[in-house]
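Assemble the whole structure, with the sequences as input and the hints as a guide.
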Amino acid sequence: GAGVSQSPSNKVTEKGKDVELRCDPISGHTALYWYRQSLGQGLEFLIYFQGNSAPDKSGLPSDRFSAERTGGSVSTLTIQRTQQEDSAVYLCASSLGVRNSPLHFGNGTRLTVT
Amino acid sequence: AQSVSQHNHHVILSEAASLELGCNYSYGGTVNLFWYVQYPGQHLQLLLKYFSGDPLVKGIKGFEAEFIKSKFSFNLRKPSVQWSDTAEYFCAVNAAGSGGGADGLTFGKGTHLIIQP
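Read top to bottom, the protein sequences are chains A and B.
So in the numbering used here, the last one in the first sequence is 149, and the numbering has no gaps at all.
So in the numbering used here, the last one in the second sequence is 878, and the numbering has no gaps at all.
Treat the hints as calculated values from the structure; they're not laboratory data.
Note that the structure is a prediction, hence the values are computed from the model and not measured.
Be aware that one or more of the hints could be misleading.
Simulated pairs of lysine to any residue, SDA-like, Cα-Cα distance not exceeding 20 Å [unchecked claim]:
#, chain 1, residue 1, chain 2, residue 2
1, B, Lys-822, B, Tyr-800
2, B, Lys-870, A, Ser-73
3, A, Lys-52, A, Pro-96
4, B, Lys-870, B, Ala-762
5, B, Lys-822, A, His-139
6, B, Lys-870, A, Ser-122
7, B, Lys-810, A, Lys-52
8, B, Lys-810, B, Ser-834
9, B, Lys-822, B, Pro-801
10, A, Lys-92, B, Gln-763
11, B, Lys-870, A, Gly-94
Below, the structure written as structure tokens:
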């Protein structure tokens, strides 16, 4: 079946501009995660949504980062006033949200801030 | 909070060589352990996982990993690597029984494996 879909696959933006990254999780997956993958830094947890519960925003690096999930499905990660250090691959993952359910990752959005 | 350490950031091997990638974690409780693989240009895929039971787990493509609780380790092994194993490998851990959130997966920084033909 369809996997996790992210768009755009690549995004180049100028410093100071806002960007929106989109994630379509696997149908029926109630849990959705955003991670950031920077060169040499591995995967950094950003934010987590589970059903209708308040999201866990503990990983967001600054108040320029925000995310929402509409209707329990599609999620948008917004970065305001982008900085060069925001350049990374932003990965979305979803899971069934039940005990021990594995994550399924999208292909990511490669963000380059010039 | 948990943390994961992967000791080798870059590994270069020849085809047919044996592979062992180290992974150590720190966490005070019971854990689930994972290895994910990211082939060039592709998304992260689950290679294998350990939840409980037999500490030697087998995954796809001939990979296996052994959970050694006393050493807080979950090293990935393969007896004979192939050129197609060239990829980035990530070890990850979360608290046993978690569905995510504050107990979501914590990843290591990854090991870039290059197999030379």
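So, going through the hints one by one against the coordinates:
Between B:Lys-822 and B:Tyr-800, the direct Cα distance comes to roughly 13 Å. Compliance with the 20 Å bound is thereby established for this hinted pair. The straight-line distance between the Cα atoms of B:Lys-870 and A:Ser-73 is roughly 9 Å, inside the 20 Å bound, and the hint therefore holds. Under the criterion of a C-alpha separation no larger than 20 Å, the hint pairing A:Lys-52 with A:Pro-96 is consistent with the structure, at around 17 Å. Restraint check for B:Lys-870 and B:Ala-762: satisfied, since their Cα atoms lie roughly 16 Å apart, inside the 20 Å limit.
Under the criterion of a C-alpha separation no larger than 20 Å, the hint pairing B:Lys-822 with A:His-139 is consistent with the structure, at around 18 Å. With a C-alpha separation of about 17 Å, the suggested pair B:Lys-870 and A:Ser-122 falls inside the 20 Å cut-off, and the hint holds. Taking the CA atoms of B:Lys-810 and A:Lys-52, the gap is near 40 Å; set against the 20 Å cutoff, the hint is violated. With a C-alpha separation of about 13 Å, the suggested pair B:Lys-810 and B:Ser-834 falls inside the 20 Å cut-off, and the hint holds.
With a C-alpha separation of about 16 Å, the suggested pair B:Lys-822 and B:Pro-801 falls inside the 20 Å cut-off, and the hint holds. At roughly 17 Å between alpha-carbon atoms, A:Lys-92 and B:Gln-763 fall within 20 Å of each other, so this suggested pair holds. With a C-alpha separation of about 16 Å, the suggested pairing of B:Lys-870 with A:Gly-94 holds against the 20 Å cut-off.
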